[in-house]
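Mind the numbering: the sequence shown is residues 2 to 184 in my numbering, read in order.
Read the hints as simulated data drawn from the structure, not as lab findings. Just so it is clear, CB atoms sit at the ideal spot from N, CA and C, and this is done for glycine as well. Treat the hints with care, since some could be wrong.
Beta-carbon label-pair distances, calculated as ranges [as the list claims (entries may be wrong)]:
id : residue 1 : residue 2 : range
1  : Arg143    : Lys27     : 32 to 38 angstroms
2  : Lys65     : Leu15     : 26 to 32 angstroms
3  : Val182    : Thr8      : 27 to 33 angstroms
4  : Leu15     : Lys111    : 31 to 37 angstroms
5  : Gln17     : Gly71     : 34 to 40 angstroms
6  : Thr8      : Lys65     : 31 to 37 angstroms
7  : Arg139    : Lys95     : 27 to 33 angstroms
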Amino acid sequence: MKANGKTLFRKLALKQISKKRVHNYKKDKFISRNLFSYIQQSSIKDIMLFIPLKNEVNIAPLIKVLRQRGYNLYVPYMEDESFRLVKYRLPLFKKKFNIKEPRFSRKRVKSIDLAVVPVLGIDKNFKRVGFGKGMYDRFFQRESRTIKTTIFLAREIFFSSEIITDHYDISADKLCTYSIVTL
Numbered sequence: 002m003k004a005n006g007k008t009l010f011r012k013l014a015l016k017q018i019s020k021k022r023v024h025n026y027k028k029d030k031f032i033s034r035n036l037f038s039y040i041q042q043s044s045i046k047d048i049m050l051f052i053p054l055k056n057e058v059n060i061a062p063l064i065k066v067l068r069q070r071g072y073n074l075y076v077p078y079m080e081d082e083s084f085r086l087v088k089y090r091l092p093l094f095k096k097k098f099n100i101k102e103p104r105f106s107r108k109r110v111k112s113i114d115l116a117v118v119p120v121l122g123i124d125k126n127f128k129r130v131g132f133g134k135g136m137y138d139r140f141f142q143r144e145s146r147t148i149k150t151t152i153f154l155a156r157e158i159f160f161s162s163e164i165i166t167d168h169y170d171i172s173a174d175k176l177c178t179y180s181i182v183t184l
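Using the sequences and the hints given, assemble the complete structure.
This is how it looks when you write it as structure tokens:
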């Protein structure tokens with residue numbers, strides 16, 4: 002039942018997102034500004050980010066600023082059904098699912114002060130409904146002990162008043178959208 006509820010929720014949320022392509026730049030800039038402010042006010046040095054896809058908040062300008070300020074940035078590098086973190090560096094290469102990634106690195110990331118995770122929606126348990134591949138769930142299952150704080154990021158959040166997530170779906174400490182900021 003949960004899987005069907007989550008699948009339907011995801012389908013409806015993606016349909017709504019595809020209709021709302023207006024003012025994304027303004028929303029993304031607002032969200033990035035709030036996230037940057039939070040990072041500056043915290044003792045954060047090692048940050049896990051994502052390289053944005055079209056339905057996700059475009060944090061590329063924020064990544065550039067964070068690199069210039071000397072933060073250690075890490076992004077997903079896809080491996081099979083999950084990913085590992087690699088240091089963000091240019092150039093980026095297009096891979097599976099049209100995702101851009103830096104080159105592979107064998108260096109192991111020991112700990113992350115802040116994990117910034119794209120989210121489609123959440124249920125009443127504040128657990129993530131993502132885009133359907135399960136990559137973040139599998140990654141966090143392995144690495145949650147090494148991550149201090151997790152923030153969900155979305156232009157707008159879709160909320161289910163029912164529990165539609167599973168035990169393995171990840172939750173966050175904070176949420177940052179265009180209309181809701183819990184930083």
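Here is what the structure says about each hint:
no.: 1; hint: Arg143 with Lys27: 32 to 38 angstroms; result: 37 angstroms, holds
no.: 2; hint: Lys65 with Leu15: 26 to 32 angstroms; result: 28 angstroms, holds
no.: 3; hint: Val182 with Thr8: 27 to 33 angstroms; result: 29 angstroms, holds
no.: 4; hint: Leu15 with Lys111: 31 to 37 angstroms; result: 35 angstroms, holds
no.: 5; hint: Gln17 with Gly71: 34 to 40 angstroms; result: 38 angstroms, holds
no.: 6; hint: Thr8 with Lys65: 31 to 37 angstroms; result: 36 angstroms, holds
no.: 7; hint: Arg139 with Lys95: 27 to 33 angstroms; result: 22 angstroms, violated
The structure fails hint 7 only (numbered hints given earlier).
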